[in-house]
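Quick one: dock chain against chain with the hints and give me the complex.
Chains A and B, in that order, give the protein sequences. Take 1 as the starting number for the first sequence in the working numbering and just add one per residue. Take 1 as the starting number for the second sequence in the working numbering and just add one per residue.
Mixed in with the good hints, there may be bad ones.
Chain B stretches covered by chain A per the calculated footprint, using a threshold of three residues with CB under 8 Å from any CB of chain A [to be verified]:
1) 74–83
2) 102–108
3) 151–159
Because the hints were derived from the structure by calculation, they are not lab data. As the structure is a computational prediction, the values presented were derived from the model and not from experiment. Backbone N, C-alpha and C fix where the C-beta goes; we use that ideal spot for every residue, glycine too.
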Amino acid sequence: MKRSTFYLMLSAIIPIAIILCAAPLLLGAVKVGDPAPTFTATASDGKTYKLADYRGKYVVLEWHNNGCPYVGKQYNSGNMQKLQKQWTNKDVVWFTILSSAPGKQGFVTASDENAYISKMQAAPTAALLDPSGEIGHLYDAKTSPQMVVIDPKGVVIYDGAIDDKPTTDLADVPGATNYVSLALEQSMAGKPVATPATRPYGCSVKYSDSSH
Amino acid sequence: MTGRKSRAAFRRAVILSVAMVAVCPSRAHAAGAPIPHGTLELIAEKQWIAVGHPFNLALRFELEKDWHVYWVNPGDSGEPPRVTWDLPAGIKAGAIEWPAPRRLGTPTIVDYGYEDAVTLVIPMHADATFSSQSPVQIAANVKVLVCREMCIPGKAQVSLTLPVKSQPPPTNSQSTHFFTEARKAWPRPVPASWKFAIAQTSDSFVLTGNLGHKITDAIFFPLAESQVSNAAPQTLVPTATGFTLTLRKSDQLLKPIARLKGILVLSGEQPYSIDVPIGEPGGAAGAISSKQIRDQSIPESVSAQYNF
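If we strip away everything but chain B, and leave its shape as in the complex, we get (with noise of 0.2 Å):
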């Protein structure tokens, strides 16, 4: 082939590709930014940044059938995704709100994560020195592991510009339904009335609830790695009050702690928080009620890092 009728071919190419581009239909519209196997976008939950007033952004995860990524505590293996934010002067990003997650894996390895889409909501915070009247970009750096039986590694940069104003600003009928969602898998706090314990052997944890009625269905999902055995099944013996629930310690659990914190979901739907002190072996499990352990405050490093 000559060098002219090589540039020829070249051009034709480059205008069928062109044009081939131009026609392909939703690919041109779809939002947010690619990941292997998905999309991620930056949403807002409101039409605005209204002066002085917490606003709450999440990123939106959207992945082909059967992906997933991972909870703060991945499990097994996987990581959680991470983000950096490039934010205007006096806009700070809060820590992420987890909704809960799902067992994921193989009878030997198990992973916590979300599988199709998920939600990951950020509280906002404009303090006194944000004094912007013209509209702010905001943008996250997100590295984020895609896994279906392979693993992926992604990193995407995320923006979205938005108006200030001193009124209090709509919602954004785009994107609120995420948002609402997002909610309703979030861990809520455990009612007054029901009381946990958690009374140890050498190798297990055992929970138990007291909530005034039979439980015959809960799963727990330890927000911190290494402290219960990912894969082992976890044991319910329903009881006329509530359960007990049998919770293998991981093999990496070398040293005593003092509490065991995480989500446990009941009856396949309803997550909630817990946050149990642990008896000492062969003691008395600590008990302490519900009321007490929402009281009680947790250590700034935890919950700035699980938003607990």
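If we strip away everything but chain A, and leave its shape as in the complex, we get (with noise of 0.2 Å):
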């Protein structure tokens, strides 16, 4: 190799090489208690949807990859569909997020995403596509199915596991505590969230830095 050719590679590897390695030190982990980072995406009807317009209302937060068995555990079984439904029907804004990169797993596009929601049932308010995985970066979403519930004054209330068992079991669905609903319910009876945080378990989420 030519040693400009070699300086040229190396100018170009070490800015990249900074970024990847200094990216969790940037990356502000969202703390149960803190301020919901607002974000703007479009979603797979097509519209686009801001986090600040929701000021007001409870906002559920999915992360979404529709091949990782720990969410084919809640869709299969009907248990995330009949969350959404009963969320949504209580005037919660429940948004699915995906953020698999173009490529990875659980990557896919409006109309995949629209047909897949129409397959399975399912009711979120949208689906917001996010393939650079800004939003999912911007909370520090690890898995999926990971959860976090925002309050009518734009704090996350919740942030972690769907429920209390983390496996891929469908038999497992029914006797689980869930987390989301319990932080729903006891943050609109006027009463302090009593699980605020948990691991988050399931997949990791497809970033597209994801070489595992």
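Okay, here's the thing in structure tokens:
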């Protein structure tokens, strides 16, 4: 290799390496009690959604990957759809968020997602397309399904797992304690959320930087 | 196609498939049950069970290149293998001896596990009620999540039949090397002269190790989930007699904890079990010698679960 080519490559690689290494430091993880970071996103229905427009309502964020067996457990059992219907009927805004990068498991086009929603009879307010992983990184989402609940003041009141059974077994759905419903029920009743943060279980979110 | 022709074609296809399976070379001999992208086998260290003596079995996972399974604390995603046993009366299975894991994943999502292959040893106990003279069958029902870029859950039942004799059993030459290899990766107790302490700030734990010599490479694997941020860099500062290692607290850690337990790997290869009390925020670090650590009994529920 010519020396000039080598230095050219080095000058390209070093900034990238610095950005990648610094990424975890730069990403302020969302903490329960903090204001929810705002975002604007295009959904599979073609509309644009701004989190800030929903101040005054409860908002649920659901990280999704249709190839992940932990997500499959919630959808094939009908549990996620049931939760979506139950809470959107109570004026809760429910955003399914798709942070898989192009070429990675769970990446979908708008029409793929619309077909999935119709086939699974899912009922989110909207499915937000996040192929750049921007919203995912903003919330430091680690897994699908990871769940975040935001209160009407725009404060994060729950961040973590969907329930207390970190398995792929459909049989574990009926006996599980659902942390999202608990957070919503407690907060709506004017009580503090008893379990505001848990380890989100599931598949890692398939960001563009995921080599594994 | 007529019914007769299609039946004949079907018969030819069946014969061809059977023939292909028959000539298939190593597959037919490959021991172990299939799991996603790998195989699982239940192996015994010794050739038979000696009445009144403990013995070791192991789950041997062999995976295709770059696929992995998880440690007892899987980190940011995934889940550890889970076992339920079908055992003859009088035989009890102990807890899995987990070898030190590796950090897997990406800059933002860090998991703990084993790539390519791992041997999980399980100590077994044959108590006084065990009185079989004839060979016994032992089966393990295993649920395991196997991941590379994506994750696939698998289930397998693996079993073996072991003779029962009164004389001491010789080692099993087929499998003994897996047990030897596994033991090398087990965390060992820390030497009596080593001292550890943990101080804390609002967002970090600072582990200080006093080993009598400078340490330039150390990594900590927290035994429990949701105590230490998995993806945050662990900052090591070598000192003349050891090191300090700064571990960012997990965002899921909402209540104070009294101790931090886990595996400390020095110089990339030597794993040690540590269990260190945590000082009050802003106060002096809870200093304790490693001898005290070893003498302190770990609560039964924890030792039963993790076998530390």
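We went through each hint and held it up to the structure:
1. Taking a C-beta to C-beta cut-off of 8 Å, the segment 74–83 of chain B contributes 4 residues in contact with chain A, enough for the three needed, and the coverage statement holds.
2. With 5 residues bearing a CB less than 8 Å from a CB of chain A, the segment 102–108 of chain B meets the requirement of three and the coverage assertion stands.
3. With 3 residues having a beta carbon nearer than 8 Å to a beta carbon of chain A, the segment 151–159 of chain B meets the requirement of three or more and the stated coverage holds.
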